[in-house]
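K.L.:
Below are the chains, spelled out letter by letter.
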Amino acid sequence: MTNSETELVQRCLSGDAAAQAEFVSLFERRVFALCLRMLNHRQDAEDVAQETLLRALRYLPGWDTSRRLAPWVLKIAANRCRTALSRRNSIPVPCEETPDIEVAPVHVTDVADEVQRGLSGLRENYRECFILFYQQELSVAEVSEVMQIPEGTVKTWLFRARKEMAQYLRERGLAPDES
Amino acid sequence: MNCCQEFRNALDELVLSRESAPLEVVQHGEQCSAAECRAAWEEFRLLNSAIASWQTREALMVVPSFQIETTAPAVASSSANKPLPDSKRSEAGLARWLALSVAGVALFSLLSLVGSNLRNDPQVATVDTPTATEIVDPPVLVAVEETEEGNAAIRDLGTTYVSWIDGSTDRITDTVAFVLVEPSHEEGSNSHTGWLESLQQGWQPLESSLQETFQELLRATASGSYLNPVMWKLQLPKAA
Ligand SMILES: [Zn+2]
Chain V
1 MTNSETELVQ
11 RCLSGDAAAQ
21 AEFVSLFERR
31 VFALCLRMLN
41 HRQDAEDVAQ
51 ETLLRALRYL
61 PGWDTSRRLA
71 PWVLKIAANR
81 CRTALSRRNS
91 IPVPCEETPD
101 IEVAPVHVTD
111 VADEVQRGLS
121 GLRENYRECF
131 ILFYQQELSV
141 AEVSEVMQIP
151 EGTVKTWLFR
161 ARKEMAQYLR
171 ERGLAPDES
Chain F
1 MNCCQEFRNA
11 LDELVLSRES
21 APLEVVQHGE
31 QCSAAECRAA
41 WEEFRLLNSA
51 IASWQTREAL
61 MVVPSFQIET
71 TAPAVASSSA
81 NKPLPDSKRS
91 EAGLARWLAL
101 SVAGVALFSL
111 LSLVGSNLRN
121 DPQVATVDTP
131 TATEIVDPPV
141 LVAVEETEEG
151 NAAIRDLGTT
161 YVSWIDGSTD
171 RITDTVAFVL
181 VEPSHEEGSN
191 SHTGWLESLQ
201 QGWQPLESSL
211 QETFQELLRA
221 TASGSYLNPV
231 MWKLQLPKAA
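Chains as they are written, first to last, in the numbering used here: chain V, 1 to 179; chain F, 1 to 240.
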């Protein structure tokens, strides 16, 4: 928590529309990025991000001021994504980006794409852990807070995600010298 | 513990701390005779560079602009001094009319209550008191706060008010009839009887007038004016 975060939240709670807009612009990028990578579908990500920002504003009175605001907002986003994914699992929806092992070996400029494809192939827990740690750059403790799992589990899942990612990248022909 | 396990632990620490590898780690990874150490080092470098590329691109992600509608109190304060559009104005007129009707009904309930208390008839008091309270303190207005729920509540408001008026009208006319037309059992039992009788006689024209008014109101409701619940629902604007 920072003084500016507390002040912003106070203004939001007092019904200050400008503060609410500021809150949205402060978190929209991080929330949308998390939703997009967790859901792998742009329209779904926009919907869930919108819902997350709305919920975050609505539930601001419940924010523990001794904690940082970002993990709290991202926790709402991750929860909404998990709900959306469980709904999607019951109704098959085609993903926009799916790993495709059959295409030709990649050029070095496609490394980011390959990581993205590798990420799409990870199981949900590992993917969420990877995204929170590397995209959102949360600490292990914060990932633990967002995912509501022990820190030891975060480390285990993160290293397994890295292991599977490395395996995928090697299969795709990437080597440290190339990347 | 062999050098490979120690080296792996050192790499794991670097992953969690996001620090770059110190020189001795780099040298061990490149020069250790154990294939396991060299493989671990290679994997560490592969992931570091690939994830860094991905992070760079993630930072350039195009993000849509999200706009959240503010809550009702903020909207109300910002629009308080603005002139209302025609449709809103007609709604406001209707709302004023309804408020006046409700206030009138409440006032008459109160008058009936006073009259009944003067006659020491507890049954009338128990019938009337809750009616007056319900009308004076409508809960729906307080509940309108969140945008979605609020719009739904506004859509249902017409039906709610019409049902109030219907119900209240019935109760009021019943009450008036009870207070003013059925006092025969009180005759001779109370020192106020003569005064009450003259009061009742004085109220008879008022009762008739009110009955007519309410009957007119009910006819209007039935004949499809804007008090008709179905028409009301259609006339209300949809949520923006
Ligand atoms: Zn070694």
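No lab work stands behind these hints: they were computed from the structure.
Where hints are given, some of them may not hold.
Claimed, not checked - What follows is a list of derived Cβ distance ranges for each label pair:
(1) F:3 / V:83: 22 to 28 Å
(2) V:13 / F:59: 28 to 34 Å
(3) F:30 / V:156: 25 to 31 Å
(4) V:150 / F:69: 36 to 42 Å
(5) V:13 / F:23: 50 to 56 Å
(6) F:9 / V:170: 18 to 24 Å
(7) F:64 / V:149: 29 to 35 Å
(8) V:62 / F:59: 29 to 35 Å
(9) V:13 / F:65: 40 to 46 Å
(10) F:24 / V:159: 20 to 26 Å
(11) V:149 / F:22: 27 to 33 Å
Unchecked claim - Examples of chain F residues toward chain V, derived with CB under 7 Å:
(12) 4
(13) 8
(14) 43
(15) 68
What you are looking at is a predicted structure, and each value in this text was computed from that prediction instead of being measured.
All C-beta atoms in this analysis are idealised placements derived from N, C-alpha and C, irrespective of residue type, glycine included.
K.L.:
With reference to the structure, classify each hint as holding or not holding.
P.N.:
Cross-check of the supplied hints:
no., hint, in the structure
1, F:3 / V:83: 22 to 28 Å, "violated (47 Å)"
2, V:13 / F:59: 28 to 34 Å, "holds (31 Å)"
3, F:30 / V:156: 25 to 31 Å, "holds (28 Å)"
4, V:150 / F:69: 36 to 42 Å, "holds (39 Å)"
5, V:13 / F:23: 50 to 56 Å, "holds (51 Å)"
6, F:9 / V:170: 18 to 24 Å, "holds (22 Å)"
7, F:64 / V:149: 29 to 35 Å, "holds (30 Å)"
8, V:62 / F:59: 29 to 35 Å, "holds (31 Å)"
9, V:13 / F:65: 40 to 46 Å, "violated (23 Å)"
10, F:24 / V:159: 20 to 26 Å, "holds (22 Å)"
11, V:149 / F:22: 27 to 33 Å, "holds (31 Å)"
12, 4, "violated (16 Å)"
13, 8, "violated (10 Å)"
14, 43, "holds (5 Å)"
15, 68, "holds (5 Å)"
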